[in-house]
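Q: Residue strings, one per chain:
2 protein chains.
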Amino acid sequence: MDITVRQIEWYDLNNQDFWDCLRALTVAPTLLMPDAAMIHLRRETYWTLVAELGERLVGTLTLIIEPKFTHGGSLVGHIEDVAVHPDFQKQGVGSKLLIRAIALAKEAKCYKLILDCAEEVAPFYEKHDFRRHNLGLRLDVK
Amino acid sequence: MDITVRQIEWYDLNNQDFWDCLRALTVAPTLLMPDAAMIHLRRETYWTLVAELGERLVGTLTLIIEPKFTHGGSLVGHIEDVAVHPDFQKQGVGSKLLIRAIALAKEAKCYKLILDCAEEVAPFYEKHDFRRHNLGLRLDVK
Numbered sequence: 001m002d003i004t005v006r007q008i009e010w011y012d013l014n015n016q017d018f019w020d021c022l023r024a025l026t027v028a029p030t031l032l033m034p035d036a037a038m039i040h041l042r043r044e045t046y047w048t049l050v051a052e053l054g055e056r057l058v059g060t061l062t063l064i065i066e067p068k069f070t071h072g073g074s075l076v077g078h079i080e081d082v083a084v085h086p087d088f089q090k091q092g093v094g095s096k097l098l099i100r101a102i103a104l105a106k107e108a109k110c111y112k113l114i115l116d117c118a119e120e121v122a123p124f125y126e127k128h129d130f131r132r133h134n135l136g137l138r139l140d141v142k
Numbered sequence: 001m002d003i004t005v006r007q008i009e010w011y012d013l014n015n016q017d018f019w020d021c022l023r024a025l026t027v028a029p030t031l032l033m034p035d036a037a038m039i040h041l042r043r044e045t046y047w048t049l050v051a052e053l054g055e056r057l058v059g060t061l062t063l064i065i066e067p068k069f070t071h072g073g074s075l076v077g078h079i080e081d082v083a084v085h086p087d088f089q090k091q092g093v094g095s096k097l098l099i100r101a102i103a104l105a106k107e108a109k110c111y112k113l114i115l116d117c118a119e120e121v122a123p124f125y126e127k128h129d130f131r132r133h134n135l136g137l138r139l140d141v142k
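Line order of the protein sequences matches chains A and B. For the first sequence, counting from 1, position 27 maps to 27 in my numbering; every step adds exactly one. For the second sequence, counting from 1, position 22 maps to 22 in my numbering; every step adds exactly one.
Don't read these hints as lab results, they were simulated from the structure. Please note that the accuracy of each hint is not assured.
If chains are identical, the list can't say which one is meant, so a pair holds when it fits in one copy or spans any two.
[What the hints assert, rightly or not] For lysine-lysine, the following DSS-like pairs were computed, each having C-alpha atoms within a straight-line distance of at most 25 Å:
hint: 1; residue 1: K127; residue 2: K142
hint: 2; residue 1: K127; residue 2: K90
hint: 3; residue 1: K106; residue 2: K127
hint: 4; residue 1: K127; residue 2: K112
hint: 5; residue 1: K142; residue 2: K109
hint: 6; residue 1: K90; residue 2: K142
hint: 7; residue 1: K106; residue 2: K142
hint: 8; residue 1: K109; residue 2: K127
hint: 9; residue 1: K142; residue 2: K112
Construct all of the structure, not just a fragment, from the sequences and the given hints.
A: Below, the structure written as structure tokens:
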């Protein structure tokens, strides 16, 4: 069976697989009608993709398309929350999602794609021609 | 004179100082009516701040507020394009902007703020309690 990638739909939020993908990444309680979904499903700034394998939802990725004041008003794509279902890891799901996100960024005419990741997953992105460029800094807001 | 920080207004786009700030950071040709402005001035996802010193616009910063499907639908703030006018650097403009952005992120109930930066400017953010967390990767989209 082939992995296919499409944009998220409302009904995906009722699919336990979707939340299990995100839980492979971080804390992700199921939300019945998350505020987040409202804006993600508007498909302007946020483009959330899901990967399917047969009946299963096996992965997800979010692309934020940010219009800049710099670079002549060009767009920058931010890759966020690349998550693969724990039962379907190491099968190319992440690559399929990333390749689609890169294609979407090209179509949208982004001049660059950026992301933050831990050292141990950097080789995955480097395989897809990303290069180490900057430091990723964080402040926990309390 | 005190540095004050406020949200961007339409007329700031006609202020050469604004573009000179951004040019201290990267390529930033003046745009008379940039598409970017349309969404930035809507003040939903994008919060662009400007710093003023008397009659001059001396700095700018953009905060992207991203709703997550993870973390119970919580928000993450992304700090982008922190830029200080070349004639007003090393006078605390960047700190004023960053402190306001952190306050906005708290008000919005973001659970974290993240940013990418070059090694040489990391100490500025570390002074404001940011910590090195991840790698920043980049793909130039052609």
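Q: Confirm or reject each hint.
A: Okay, the hints, checked on the actual structure:
1. K127 <-> K142: Between copies only: 17 Å across, 36 Å inside.
2. K127 <-> K90: For K127 and K90, only the intra-copy Cα distance (14 Å) is at most 25 Å; the inter-copy one is 40 Å.
3. K106 <-> K127: within (18 Å within a copy, 37 Å between copies)
4. K127 <-> K112: Intra 17 Å, inter 29 Å, cutoff 25 Å: intra-copy only.
5. K142 <-> K109: between (37 Å within a copy, 8 Å between copies)
6. K90 <-> K142: So K90 and K142 fail the 25 Å test inside a copy (36 Å) and across (28 Å) alike.
7. K106 <-> K142: Between copies only: 7 Å across, 37 Å inside.
8. K109 <-> K127: within (22 Å within a copy, 36 Å between copies)
9. K142 <-> K112: between (32 Å within a copy, 8 Å between copies)
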